[in-house]
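Visitor: I would like the entire structure built from these sequences, with the hints used as guidance.
By UniProt numbering, the letter at position 17 of the sequence shown is numbered 17, and the numbering carries on one by one without gaps.
Because the hints were derived from the structure by calculation, they are not lab data. Careful, some of the hints might be misleading.
Unchecked claim - Keeping only pairs whose Cα atoms sit at most 35 Å apart, straight-line, the calculated DSBU-like set for lysine-lysine is:
(1) Lys88 x Lys77
(2) Lys565 x Lys585
(3) Lys566 x Lys314
(4) Lys184 x Lys329
Just so you know, these numbers come straight off a predicted model, no measurement behind them.
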Amino acid sequence: MNRYDDTLKLIRQALLRHKMSAYIFLSSDPHASEYLADRFQARAFFSHFHGSAGTFVVTTTEALLWCDGRYHLEATKLCDDLGMTLMKDGLPQTPSILDYLIQHLPADARIGIDAQTTPTTLFSQWQKSLATQKNIHLIGEVDLYQEIIPTRPPLPAQPIYPLPEQYTGVSTKQKLQSLADILKKEQIASYLICPLDSLAYILNLRGSDVEFNPFFYGYLLVHADATADLFCATEALTPEAHEAINQAPITIHPYETIGAYLQNIDKNTIYSSAQHLNHHLYQQITAKHTLSLGHDWVQHLKMIKNETEIHWLKTQYRQDGVAYVRFLKRLEDGEFHSEYDVVLALTQEREKEHAYRGESFPSIVGTASNGAIVHYRPTLDHHAPLTDGLLVIDSGAHYWGATTDITRTPCIGKPSLMAKYDYTMVLRAHIALASTPFPEFSTGAQLDGITRALLWREGINFGHGTGHGVGAMLSVHEEPFRINKLNTIPIRAGMTISNEPGIYRQGIHGVRLENIYISRPSHKENLFDTFLEWEPLTLVPFHTHAIEKSLMNPEEIAWVNLYHKKVYDELSPHLDAEHQAFLAKLTAPI
Numbered sequence: 001m002n003r004y005d006d007t008l009k010l011i012r013q014a015l016l017r018h019k020m021s022a023y024i025f026l027s028s029d030p031h032a033s034e035y036l037a038d039r040f041q042a043r044a045f046f047s048h049f050h051g052s053a054g055t056f057v058v059t060t061t062e063a064l065l066w067c068d069g070r071y072h073l074e075a076t077k078l079c080d081d082l083g084m085t086l087m088k089d090g091l092p093q094t095p096s097i098l099d100y101l102i103q104h105l106p107a108d109a110r111i112g113i114d115a116q117t118t119p120t121t122l123f124s125q126w127q128k129s130l131a132t133q134k135n136i137h138l139i140g141e142v143d144l145y146q147e148i149i150p151t152r153p154p155l156p157a158q159p160i161y162p163l164p165e166q167y168t169g170v171s172t173k174q175k176l177q178s179l180a181d182i183l184k185k186e187q188i189a190s191y192l193i194c195p196l197d198s199l200a201y202i203l204n205l206r207g208s209d210v211e212f213n214p215f216f217y218g219y220l221l222v223h224a225d226a227t228a229d230l231f232c233a234t235e236a237l238t239p240e241a242h243e244a245i246n247q248a249p250i251t252i253h254p255y256e257t258i259g260a261y262l263q264n265i266d267k268n269t270i271y272s273s274a275q276h277l278n279h280h281l282y283q284q285i286t287a288k289h290t291l292s293l294g295h296d297w298v299q300h301l302k303m304i305k306n307e308t309e310i311h312w313l314k315t316q317y318r319q320d321g322v323a324y325v326r327f328l329k330r331l332e333d334g335e336f337h338s339e340y341d342v343v344l345a346l347t348q349e350r351e352k353e354h355a356y357r358g359e360s361f362p363s364i365v366g367t368a369s370n371g372a373i374v375h376y377r378p379t380l381d382h383h384a385p386l387t388d389g390l391l392v393i394d395s396g397a398h399y400w401g402a403t404t405d406i407t408r409t410p411c412i413g414k415p416s417l418m419a420k421y422d423y424t425m426v427l428r429a430h431i432a433l434a435s436t437p438f439p440e441f442s443t444g445a446q447l448d449g450i451t452r453a454l455l456w457r458e459g460i461n462f463g464h465g466t467g468h469g470v471g472a473m474l475s476v477h478e479e480p481f482r483i484n485k486l487n488t489i490p491i492r493a494g495m496t497i498s499n500e501p502g503i504y505r506q507g508i509h510g511v512r513l514e515n516i517y518i519s520r521p522s523h524k525e526n527l528f529d530t531f532l533e534w535e536p537l538t539l540v541p542f543h544t545h546a547i548e549k550s551l552m553n554p555e556e557i558a559w560v561n562l563y564h565k566k567v568y569d570e571l572s573p574h575l576d577a578e579h580q581a582f583l584a585k586l587t588a589p590i
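Guide: This is the structure in structure tokens:
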């Protein structure tokens, strides 16, 4: 018996005690976060799967893991080793969690889920579908993680500190007034903000409760008179945070009192995000108040960067580029012997930049066949030696006023014909999106096809989205915008978005090339709509020795040369002579 088998046995014993046929462990917390504090890592603890997204379902006879295409290769080995069933989400033959449970459980069965960490829209949809199909009952009152592991980590309470207005351009008081104006227009008394990044944005505060994220756990209740109530670990507020909060009409309360507070205030209409309000809190609110659910207003405010934020994004991306050039010089000099050496070196070089505040996600570094595992992450205890061939390096950092995310795929040694073909095709797909002006209010779904079309013509596709929003010292995956086949959020000027196509050949290698761009008004004349274009924030050379120039057209070659000129012009003044010469070699015209 191992820990997985032991805990699986404990889960099934709990199912018997509660007369349940199954239990669902989501990847979530009370705020529907992507990255979770240890206290809420139930799915990872019980399944041993540590990807950023996935769902673990345990029945009386089966244990099943649902995860998307980013993790299919990684999860296959894990499930084979542990005896779990892998459900490859996104494939036509894979049933949804709901469909599987309806098909395999008897009528009148009981399914458990933790309502405290389940978004209320998801809970309500599943509850209705299960009841309609087979009169199956969804039970939210049982937290099996707490019941089985009562010593689980406590709620974190790391120091909360201010992000100065010099980086934000807008004060907390001004942001509260903007929300109050919306509340008055909509005739709503209060707005409960649940997402941690939205909370940090409105308050101009940051923390470190969640690894790789500058957030703290809390709720903010904003009222139509522009006052607000903040619920957080009060002991975590630094003197500087208290001073910043005192400049706005905000009252501070302990985090755990949010439910009681909502039940004790006068009956009124409260608005909140349908995707982020957990079902437990939903029940507490609706027991007394009228609740209006919709999208998170703050997400739509913060995704459009103001000129102050754009200034600091450009400044800090330049710092990130300088650090990355130093890293590339060490890579070329043969200093690293393993994937984990690369991870450490990336952090070492970024730490030298004065505005550095930490990594924005665990670095993905995959040599040879590991590069085909989209979210492969080497660790001190699990990594491979570097070999000749392609090396996928996906990394990022937080700086004061900025969050970065970049992927490059250098080639160690002489690239094979297949490596050059794959690298060049991915670069061409990247350029297709980066170089195409588009009408304002186009959607991510429309732009997704622009990126993939060239690969599709060769019978190639990749199993992840083309791009995602990026925050300003906030989320590296900023909601709500994505470039994928489903996203319908309109693009406006001032949005920061990744462009990251890839090719992944199982058992051979992977290629991914990612820059962050900001949407800006196009300078090209047109007779029709207002057009936007992409301005690069990322300033790091591509690896020209892996390019097969004969596959590229003149416009694509010109794009690479123009981009490399910008990289050299922006970074070289901040490098010493040795690294200037190295950068000049990397950015020489092809």
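Visitor: Next step is simple, just say for each hint if it's right about the structure.
Guide: How the hints compare with the structure:
1. Our distance criterion of 35 Å between C-alpha atoms is met by Lys88 and Lys77, whose separation comes to about 13 Å.
2. Our distance criterion of 35 Å between C-alpha atoms is met by Lys565 and Lys585, whose separation comes to about 11 Å.
3. Only pairs whose Cα atoms come within 35 Å are accepted, and Lys566 paired with Lys314 is accepted, the gap being roughly 13 Å.
4. With a CA separation close to 56 Å, the supplied pair Lys184 and Lys329 exceeds the 35 Å bound.
Taken one by one, the earlier hints fail for this structure only at number 4.
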